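Q: Given chain W, work out where chain X should sit, using these hints.
There are 2 protein chains.
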Amino acid sequence: MDINQFLADRSRLMRASEIRELLKWVTENVISFGGGMPDPSSFPAKEIIEITRDILTTKAEKALQYGTTGGILELKEELIKFMGKVGIKVDGPENIIITVGSQEALDMIGRLFINPGDCVITESPTYLAALQAFRIYGPRIVGIPMDEEGIRVDVLEDTVRKLINDGGKPKFIYVIPTGQNPTGITMNMERRKELLDIASRYDLLIIEDDPYGYIYFGDGEPPARLKAMDGEGRVIYLSTFSKIAAPGLRLGWVAASKEAIRWFELAKQSIDLHTSTLNQYIAAELLRKGIIEKNIPRIKEIYRTKRDLMLQALSEYMPEGVTWTKPSAGMFIWLTTPEKIDTTAMLEIAIKKYGVAYVPGKSFYPNEDRHNDMRLNFTYPTPEQIFEGIKRLAMAIKEVITQ
Amino acid sequence: MDINQFLADRSRLMRASEIRELLKWVTENVISFGGGMPDPSSFPAKEIIEITRDILTTKAEKALQYGTTGGILELKEELIKFMGKVGIKVDGPENIIITVGSQEALDMIGRLFINPGDCVITESPTYLAALQAFRIYGPRIVGIPMDEEGIRVDVLEDTVRKLINDGGKPKFIYVIPTGQNPTGITMNMERRKELLDIASRYDLLIIEDDPYGYIYFGDGEPPARLKAMDGEGRVIYLSTFSKIAAPGLRLGWVAASKEAIRWFELAKQSIDLHTSTLNQYIAAELLRKGIIEKNIPRIKEIYRTKRDLMLQALSEYMPEGVTWTKPSAGMFIWLTTPEKIDTTAMLEIAIKKYGVAYVPGKSFYPNEDRHNDMRLNFTYPTPEQIFEGIKRLAMAIKEVITQ
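Note that the protein sequences, when read in sequence, are chains W and X. Last residue of the first sequence: number 410 in our numbering, and the count goes up by one each step with no gaps. Last residue of the second sequence: number 410 in our numbering, and the count goes up by one each step with no gaps.
Extracted from the complex, chain W is given alone in its bound form (with noise of 0.2 Å):
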């Protein structure tokens, strides 16, 4: 029996991600920057150990049941407490739905907003598996370029105006303001605040994803999200428990008005009722106890470390012509090579002839045609890998460059 008959037309637009085709060559010998994996040394395990055996002994008829489908009030209370601490004012619990993961936030977006040929805007590049999640829903995906400070506002506005007067105002704009994915860069202030201000002239629903907001490791403090400055309730925030606690709980939040939250409810409820009960009161408990607030310096202090150990590296070994940047918060730096390489062809002879492997920066640019980027992660590998796998990476560079 064929099963391609019985397909809608929309799986066509399922692609599997690039990053785990490229990476099956990956095997024990190979140094793997590919990931978007944290440091396991920053989970709390002995912590939620404790914790399941607290929740199980003493409410188990209530953590190991169904649940309501915006999630557990315990959690969202903490949330309340937790965003207050970084300036972001939430009303109540209403103003908040438990996910799985940011992921389904963001497939949660496609679904209420995109019509099929909707304009929405990212940075470009931008988080291929947003990408991924709005392009099952066919919209038209318009990327605004990225410098040093973040998103170029001035393309911005001017794009906005286009597509307003071609009769096709885009539905959102969605950005990682704080340690973007791909490129680790952190929108400045000003920035914001202009970015803010344009979805205000222009009615806009502007989707803040900040999954790495709490774990900046620049100096001071990041610049405020835009949500605490979010006067008019244009922004949709999302944020996970992946990077401050552990990716494998898949819990994730969206925090927005009354009546986005009352949306995404109704479309969670259909789309898996609800998020593990279990998993929630254990975050809640993290949250409550304040180990997470514990945890925070401790991985930021990882993540740093890591990260001046790559850029070391890099200096060290990269050859003249290749440029990377400097990221306060996240987990990537974003290497550009010099035009002549295609680091798509490049990779299999990374991985194959130096054992090292990165994400190609192609697939993160929603319409742009750019082929000498790539993507690598510094807060999975050890020390010892990031150094040695730089070397090699430098390595297949000057082949390349050279060839």
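No lab work stands behind these hints, which were simulated from the structure alone. Some clues are possibly wrong.
Said to hold, decoys possible - The calculated lysine-lysine pairs, modelled on DSS-like cross-linking and capped at a C-alpha distance of 27 Å, are:
id, chain 1, residue 1, chain 2, residue 2
1, X, K53, W, K296
2, W, K53, X, K53
3, X, K307, W, K66
4, W, K69, X, K31
5, X, K69, W, K301
6, W, K31, X, K69
7, X, K265, W, K66
8, X, K301, W, K69
9, X, K398, W, K66
10, X, K92, X, K53
11, W, K265, W, K88
12, W, K296, X, K66
13, X, K333, X, K200
14, X, K296, W, K69
15, X, K333, W, K31
16, W, K405, W, K31
17, X, K359, W, K53
18, W, K265, X, K265
19, W, K53, X, K69
20, X, K92, W, K66
21, X, K265, W, K31
22, W, K69, X, K307
23, W, K296, X, K69
24, W, K200, W, K333
25, X, K53, W, K69
26, W, K307, X, K66
27, X, K296, W, K53
Because the structure is a prediction, the values reported are computed rather than measured.
A: Same frame as chain W, now just chain X:
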């Protein structure tokens, strides 16, 4: 800012579950047969405490980390053995995907297979949340009537033939063969064979939703799963840990052909990346240690006892003209009142005046207009509540009959 202006057309298809809306009147003094929750005394809480401790002591770096989209190998291998015991032969782990409850599988089925306007077939009445999941994708849903032996395969064949003649070949037939929701009816063996035969002759997909097969509490064994008799890879089989372990874990699985599972993985990747790794390890251990198998007879006993109690109370209190099903599996009894009664209209009286709640039958029908059924859950209420609640319900019905 008005969020509604940004919504996609499909969002208008999202409706709040009528169950949830109607049950908002339920207060502490109301006995509710409205939910669909298992008896919390059946949850293996102590065992999960121990298992979590073991997992997080020995492999926290895996159990708290990101995992593959399809699910962890350990769980898939346990599921192969588990399904093998009921006659379902699965070639290997590539034939299984782990989902966030069965609900996620239902959503993915809609996403993968339904184009707007496509025809899909269900039993009538059928599971409300399946209807909700499919409806987002804009199908025409055709319900096939049931009798006490299950779906009317004669009507099914006539319908399929007519649909094909009209150029509208159905995308799939969705059935819950054992302990059907909402009726509690178990499809007999002959009907199962006939259903598979029709699927084969007309080249159709079958979705077999089997949440209750493992806790069948009728005499002897339940008739073989459709999947166990599926020689042509036509059956996409769904089941869940919600009834054999605990719904709060949000774990379900799909078993199907490799080709089909590959499509589910593509869909799931952009929906939520993967299901909670920790919870998957917990389920794998619950199976490996035989805790689920040891728990199943206890669950059956609880369910059988409560069903018997409800049946007894029904015969004792219900007035003439009221009929109900006698389920050998599942969590529900389907009750039909005299034509005169509109169970949706009656609900307010039942709750406010008599302190008892149920789910009106209307919304379980994909396209029939029937108003005098209701669904009663017997697994969650206590024995006292079952007796007292049915007594109250009988009084409400008597009042409305004589109005």
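Q: State for each hint whether it applies.
A: Verification of the hints:
Straight-line distance between C-alpha atoms of K53 (chain X) and K296 (chain W) comes to about 23 Å, which keeps the hinted pair within the 27 Å bound. A distance of roughly 18 Å separates the Cα atoms of K53 (chain W) and K53 (chain X); the hinted pair therefore holds under the 27 Å criterion. Annotation: proposed proximity of K307 (chain X) to K66 (chain W) holds, straight-line Cα distance about 23 Å (limit 27 Å). At most 27 Å may separate the alpha-carbon atoms for a hinted pair to count; K69 (chain W) and K31 (chain X) meet this at roughly 19 Å.
The hinted pair formed by K69 (chain X) and K301 (chain W) meets the criterion: a straight-line CA distance of about 22 Å does not exceed 27 Å. Pair hint K31 (chain W) plus K69 (chain X) holds up; C-alpha atoms about 19 Å apart against a cutoff of 27 Å. At most 27 Å may separate the alpha-carbon atoms for a hinted pair to count; K265 (chain X) and K66 (chain W) exceed this at roughly 40 Å. Using a Cα cut-off of 27 Å, the hinted pair K301 (chain X) and K69 (chain W) holds, with the two alpha carbons roughly 22 Å apart.
Between K398 (chain X) and K66 (chain W), the direct Cα distance comes to roughly 31 Å. Violation of the 27 Å bound is thereby established for this hinted pair. For the given pair, K92 (chain X) sits about 26 Å from K53 (chain X) by alpha-carbon distance, which is consistent with the 27 Å threshold. Between the alpha carbons of K265 (chain W) and K88 (chain W) the distance comes to roughly 18 Å, so the proposed pair stays at or under 27 Å and holds. Proximity of K296 (chain W) to K66 (chain X) is assessed by CA-CA distance (about 24 Å); at most 27 Å being required, the pair is judged to hold.
Of the pairs offered as hints, the one joining K333 (chain X) and K200 (chain X) holds, with about 23 Å between alpha carbons and a cut-off of 27 Å not exceeded. Pair hint K296 (chain X) plus K69 (chain W) holds up; C-alpha atoms about 24 Å apart against a cutoff of 27 Å. Only pairs whose Cα atoms come within 27 Å are accepted, and K333 (chain X) paired with K31 (chain W) is rejected, the gap being roughly 53 Å. Restraint check for K405 (chain W) and K31 (chain W): the C-alpha separation of about 24 Å stays at or below 27 Å, so the hint holds.
Distance check on the hinted pair: K359 (chain X) and K53 (chain W) sit about 49 Å apart at the alpha-carbon level, beyond 27 Å; violated. Distance hint between K265 (chain W) and K265 (chain X) is unfulfilled; the C-alpha atoms sit about 42 Å from each other, more than 27 Å. For a cut-off of 27 Å, the pair hint linking K53 (chain W) to K69 (chain X) stands: about 14 Å separates their Cα positions. About 33 Å separates the Cα atoms of K92 (chain X) and K66 (chain W), which puts this hinted pair outside 27 Å; it is violated.
Taking the CA atoms of K265 (chain X) and K31 (chain W), the gap is about 19 Å. The hint holds against a cut of 27 Å. For a cut-off of 27 Å, the pair hint linking K69 (chain W) to K307 (chain X) stands: about 21 Å separates their Cα positions. Proximity of K296 (chain W) to K69 (chain X) is assessed by CA-CA distance (about 24 Å); at most 27 Å being required, the pair is judged to hold. Simply put, K200 (chain W) and K333 (chain W) have alpha-carbon atoms about 23 Å apart, close enough for the 27 Å limit, and the pair holds.
Distance check on the hinted pair: K53 (chain X) and K69 (chain W) sit about 14 Å apart at the alpha-carbon level, within 27 Å; holds. Of the pairs offered as hints, the one joining K307 (chain W) and K66 (chain X) holds, with about 23 Å between alpha carbons and a cut-off of 27 Å not exceeded. About 23 Å separates the Cα atoms of K296 (chain X) and K53 (chain W), which keeps this hinted pair within 27 Å; it holds.
Checked against the numbered hints above, the structure violates hints 7, 9, 15, 17, 18, 20; every other hint is satisfied.
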